[in-house]
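K.L.:
Sequence:
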Amino acid sequence: QRLLYRAIDSGKDQSYVLAVLNQEQLNGAHFPLGDTTKDNIRLEAKSRGLSVALKPDSHDICFVPSGDNAGWLRERLGSQVGDIVDEDGNKLGEHNGAYTFTVGQRRGLALSIPEKSGEPRYVLKVEPVNNRVVVGVKADLAIHEVSGLSPIWCGPRPSGENSGFIQVRAHGSAHSCKYFLDESGPLPELKAIVDQPIYGLATGQAMVIYDGDRVVGSATISGTK
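Each residue of the sequence shown is one higher than the one before, counting from 1 in this note's numbering.
The set of hints was computed from the structure by calculation and includes no laboratory data.
For clarity, every value in this text was computed on a predicted model and none was experimentally measured.
Keep in mind that a hint or two might mislead.
As the list claims (entries may be wrong) - Here are the simulated PhoX-like pairs of lysine-lysine, each with C-alpha atoms no more than 25 Å apart in a straight line:
{"id": "1", "residue 1": "Lys116", "residue 2": "Lys91"}
{"id": "2", "residue 1": "Lys91", "residue 2": "Lys55"}
{"id": "3", "residue 1": "Lys55", "residue 2": "Lys12"}
{"id": "4", "residue 1": "Lys138", "residue 2": "Lys178"}
{"id": "5", "residue 1": "Lys116", "residue 2": "Lys138"}
{"id": "6", "residue 1": "Lys38", "residue 2": "Lys12"}
{"id": "7", "residue 1": "Lys225", "residue 2": "Lys138"}
Assemble the whole structure, with the sequences as input and the hints as a guide.
P.N.:
Here it is as structure tokens:
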């Protein structure tokens with residue numbers, strides 16, 4: 001059985017996005033650069049006279065080199081005015097496109113009505129169907145339990161409750177947790193209960209479970225508490 005691990009170069013580690021590979025796919029996969037760093041690869045390429053030695057690093061989204069993802073979308077989708085509301089549905093302001101916001105975002109809300117407590121507001125939810133953005137205070141973003149559907153195992157399927165780490169962004173932090181497979185419902189769910197709250201987490205993202213540097217498996221986030 002093939003196993004998947006983090007790369008030695010933590011800054012270039014791709015295990016989070018590779019965690020969707022199943023055993024059949026891992027059996028046919030080879031990652032010959034996983035035990036070295038990008039700097040060493042550049043030196044090796046330079047010593048062999050390869051032009052890629054000086055090639056700039058790729059960006060998170062390679063076709064948006066400016067990094068202005070919202071601007072890129074706005075050019076193609078145009079302005080789509082919608083409401084910014086609190087959790088009770090009270091209108092606080094307007095935006096020019098729900099597609100420019102992400103859960104956990106603080107900047108760019110431009111709200112003239114302050115929060116009663118004086119705390120800054122964050123995006124809690126983006127509702128693309130009705131073009132609405134829901135906001136609240138940071139405490140409302142705190143997540144203690146994550147559930148995911150369609151689990152994929154990159155090694156032995158775990159049984160019972162286990163201790164490990166959960167990662168919810170490609171280059172995000174790994175959070176200590178207890179994880180288990182819940183098969184009590186109509187579909188099996190991978191669940192993780194974190195030791196410390198995670199902030200700014202949206203459904204649809206990937207949750208990846210690690211046992212140290214080994215990838216246990218992944219699932220698509222379907223719910224949070």
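K.L.:
Just pull the numbers of the violated hints for me, sorted ascending.
P.N.:
2
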